[in-house]
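Enquirer: Given chain A, work out where chain B should sit, using these hints.
Protein chains: 2
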Amino acid sequence: MKIGLIMQDFKFNINLNDFDFLIGVDRGALIAYQNNIYVNLAIGDFDSVTKDELILIQEKSKVIKLNPIKDLTDTADALKYAFKLSNDVTMLGGIEGKRIEHFIANLCLFKEYPLLKIENENSLIFCIKKPIRLPIKYKFASFFALNTVKSLCLKGFKYELANYDLELYDSLCISNEIICCDNLVSFKEGLLLIILSNDDH
Amino acid sequence: MKIGLIMQDFKFNINLNDFDFLIGVDRGALIAYQNNIYVNLAIGDFDSVTKDELILIQEKSKVIKLNPIKDLTDTADALKYAFKLSNDVTMLGGIEGKRIEHFIANLCLFKEYPLLKIENENSLIFCIKKPIRLPIKYKFASFFALNTVKSLCLKGFKYELANYDLELYDSLCISNEIICCDNLVSFKEGLLLIILSNDDH
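Chain order of the listed sequences is A and B. Quick note: the first sequence uses the numbering used here, first residue 223, plus one each step. Quick note: the second sequence uses the numbering used here, first residue 223, plus one each step.
Honestly, the hints are just simulated from the structure, not real lab data. Every value quoted in this text rests on a predicted model; they were computed, and no experiment measured them. Hints are supplied without guarantee of correctness; some may be wrong.
[To be verified] Listed next, the in silico PhoX-like pairs over lysine-lysine satisfying Cα-Cα at most 25 Å (straight line):
no., chain 1, residue 1, chain 2, residue 2
1, A, 233, B, 233
2, A, 320, B, 380
3, A, 333, B, 320
4, B, 273, A, 380
5, B, 333, A, 372
6, B, 372, A, 292
7, A, 320, A, 352
8, B, 273, A, 292
9, A, 273, B, 361
10, B, 320, A, 361
Same shape as in the complex, but just chain A (with noise of 0.2 Å):
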């Protein structure tokens, strides 16, 4: 089953067809009904909407209201109820918006969920444990390390790159170009983030 999560940056620039189960996270699940589109389920403290606009929210699917005093975010609750229910989870949203520390909070997430994928018109971010074939639908391809990556080597990229070890926090591997189809990434161990993405011209 393919779970979408709805956040509030979400623009519903992408096809929801594809997902069988919609949660609306905290003031996403407005804005979803606001685009009309049905969530299977909204979850959230709700403290980013009024009284009336969580009655709405009430009114069109199942809510689970969360506590506001707790440690973890709304966004970690939901994500908790969806890896329940499926391995096959994708954050939409959740990158831009003003407040730039849920970004880095939702990369945290990868660390206790290595499956998720986190998707916008613009990007999509991943982490893989395996070797890879990029799509080549993203012109941009970037490399971090969640943790060491041992003997990176990227094939049919703008940038090859043979047995690199990838350190945290070395940005060494940003914005490569993918050639050719059939690029691959490999590495013999670790935890690699990748970040997908588009011009932004």
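Expert: Structure of chain B alone, referenced to chain A:
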């Protein structure tokens, strides 16, 4: 000497009179001129501006033109130059923008330049090795470990915390509220990333 690095997503909504030396990073230099701001130096490979725009930049200020095929990002090169001149360096912008991988690359720079500050109209990002009181002109404070932060204590915040070991990828300390000007962030060891932000409504 207080140095400001103008990034291409900077909105020119911060008073720049405090800065003694401004560096335009790649397209940031062009955007400075378009906002009638004089930069002392422009650094970049300038692959994000046209030939004519580069000529305009060169007419207005000293330029260091980097080879587009390089291991460091334009920003990392500009920072290297800036920290040779001063320990007081602020990146202006570098937070928003569609290419979110650039923001992650900017965060990676804290490991090499722990004195760096990143600022835009809504957020101030910096890291500390010693206790600090936070300015109450910001509403929210978020804390992430760049390496394990031992015995983190938060006083004068909405959610107080005592002797918590904050690990990498732990998002427990996101979006705390600064309640009191006599607040205190203290810890025994580690490198703590702090993001101060205002409301996004």
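Enquirer: Could you work out which of the previously given hints the structure breaks and list their numbers from low to high?
Expert: Hints 7, 8 contradicted; others consistent.
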